[in-house]
Amino acid sequence: MKKISYIFLVSLLFSACSEDSTLDIAGMFSPQGETIKARFAQSMLYNESRSEIHLDMAQDDYAIYVCTDSHITRTSHRNLAYFVNQYENASSPKLALHLGDLIDAQKNFPCADSVLRLGERAIDDTLFITPGNHDIYFKQWPIYRDYFKTSVYWFDTNNGSKKLDLFICLDSAEGDLGVDQTNWLKTLLEEKSKEGYRHIIVFTHTHLWKLDASQGHTSNYALEATYELTSLLSKYGVEFVWSGHQHARQSVIFKGVQYLVLNATKDSEKGQSYMIADMSESIVYHYIDYPQQP
Amino acid sequence: MKRKFLLIFLFLGWCGVGLFAAEHQPGFGTRRYTITGMAEYSYNTTWSHHANLDVQALMPFNPHFEMEAKLQFSTANVYTGALQMRPKFELPVGELFIETDVMFKALARNRISDLTAALGIGYRMDYVSVTLGVFGRVIEDWDRSWYTDESYIVEPFNVLYRLEVFCRPQNNPWNLSFMFSNVDDYQMERMWQPLFSIGAWYDVTDNWRLNFGAQCKPTGMFHLDATFYGATARVGFSYRFDK
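If you read the protein sequences in the order shown, they are chains A and B.
Position one of the first sequence corresponds to residue 68 (this note's numbering), numbered consecutively onward.
Position one of the second sequence corresponds to residue 2 (this note's numbering), numbered consecutively onward.
Because the hints were derived from the structure by calculation, they are not lab data.
Please note that the accuracy of each hint is not assured.
[Said to hold, decoys possible] One side of the interface only, derived from the structure: several residues of chain B facing chain A at Cβ under 7 Å: (1) Ser43; (2) Asn45; (3) Thr46; (4) Leu108; (5) Ile113; (6) Asp142; (7) Asp150; (8) Glu151; (9) Glu156; (10) Arg191; (11) Thr220; (12) Gly221; (13) Phe223; (14) Tyr230.
[Claimed, not checked] In silico negatives: residues of chain B with every beta carbon more than 10 Å from chain A: (15) Ala70; (16) Gln85; (17) Asp115; (18) Val129; (19) Tyr153; (20) Leu164; (21) Ser182; (22) Asn212; (23) Met222; (24) Ala232; (25) Lys244.
None of these values were measured; they are calculated from a predicted model.
Virtual Cβ for every residue (Gly too), placed ideally from N, Cα, C.
All chains should be built: construct the whole structure from the sequences, respecting the hints.
The following block contains the structure:
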């Protein structure tokens with residue numbers, strides 16, 4: 068019995084994320100759906116079919132509401148609803164980013180749809196999202212794509228004809244950007260870094276560093292990918308990388324780039340917060356705690 | 002008849018293995034000063050195709066202490082040096098060892114250096130070797146400005162694990178091994194980034210050994226969508242000096 072318990076515990080440790088914590092040993096070794104190569108190709112196909120997104124903020128200063136890892140289920144989405152409410156009712160010009168793991172497991176996208184009211188949003192709406200591992204795992208990419216259309220894209224903000232800030236969304240839901248996405252990022256940064264943007268910000272789900280044990284048993288990038296991505300972002304003047312995944316706040320500056328990891332928006336976790344970044348000539352950010360559940 | 006023949010064969014085989022093990026336990030063949038040169042072909046989705054040249058020196062100073070120095074030159078413009086010191090204690094069955102490891106990786110392509118220091122404890126028998134330990138990492142930018150908030154990256158706590166299973170006793174003139182670990186001779190990956198390796202050797206003469214190896218490195222195995230990241234194949238020779 069003891070032996071069986073050990074085997075069960077080890078199996079749990081090795082299991083990938085799944086609905087109701089069912090085991091998925093196969094998922095540890097092979098992709099459960101489209102890989103980053105396919106997701107990137109489909110995203111580029113969509114991006115080419117629509118016009119570029121340039122958001123006119125009507126003034127130089129504006130706010131960005133950022134949250135991550137909401138892991139919503141049909142019964143647990145209080146914090147995300149609060150975040151959406153705060154963002155929508157803010158008076159200043161603003162946009163919002165969700166850094167992935169919007170849902171917790173399969174079958175929860177309709178719930179996300181009702182909280183975010185995706186049907187009411189135009190294609191150039193100011194709410195943007197990047198996919199997390201929970202959003203695409205268990206072959207959920209087609210559903211994610213139906214709702215959000217693309218997982219790799221960029222947009223910029225401007226004030227009339229004056230360029231303000233560039234935002235780049237990367238798909239890191241499997242802990243690797245892949246060859247095509249990395250080449251795309253390099254080409255984009257080469258081109259855009261010459262256009263005189265005030266700030267360049269990259270947002271993606273998976274964090275780069277393992278500064279402490281807070282990430283638990285979730286993996287991130289291979290070291291080679293960490294070094295390469297860090298150098299690339301530094302070379303082209305990226306100022307911030309915003310990510311989630313490890314559910315613990317973190318900030319570190321390396322090679323001139325500030326890496327911010329946000330803690331989770333998930334209802335059941337302690338110390339949840341979201342971030343507001345005030346964009347002007349400099350970026351000033353602060354965290355807002357979600358109201359405690361009575 | 003066939004069944005009887007098979008049983009006799011298995012019994013004789015079992016006796017043979019027992020006698021062989023009795024003759025050679027404890028110890029893992031004659032540990033001699035050895036120099037190894039390996040050529041590697043490697044691919045990963047970040048550095049694409051590249052080749053590595055490895056040089057290793059094993060220095061068993063006495064039955065209780067050995068040192069290994071390792072160098073790797075990569076066409077990816079990455080250079081690695083590692084030093085291992087290994088106190089050993091022979092037990093009635095197998096061998097206990099403490100592994101201290103310092104590894105420095107100069108990533109000239111990224112102008113980054115990566116320094117890791119590890120401390121582990123291991124137990125090795127003829128067919129199995131297990132190591133468990135901890136290591137810390139410091140990642141440094143070669144162009145760091147000392148007048149800003151910029152800092153080096155410290156990843157203070159990582160678990161090191163290595164489980165290697167051999168098909169034959171380790172003093173056999175040929176062998177085949179399978180390894181599951183997050184470290185190898187030239188990399189110490191984060192604990193949730195395992196490496197799967199196979200290795201083989203064949204002693205051509207008493208002094209020359211032919212080595213083969215291959216490794217697969219997936220990514221995202223824990224709570225991400227697992228996918229292939231890289232692979233390596235290696236071949237080389239070892240020269241063992243006479244006593």
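Check your understanding: Checked against the structure, which of the hints given earlier come out wrong?
Key -> 1, 17, 19 and 23
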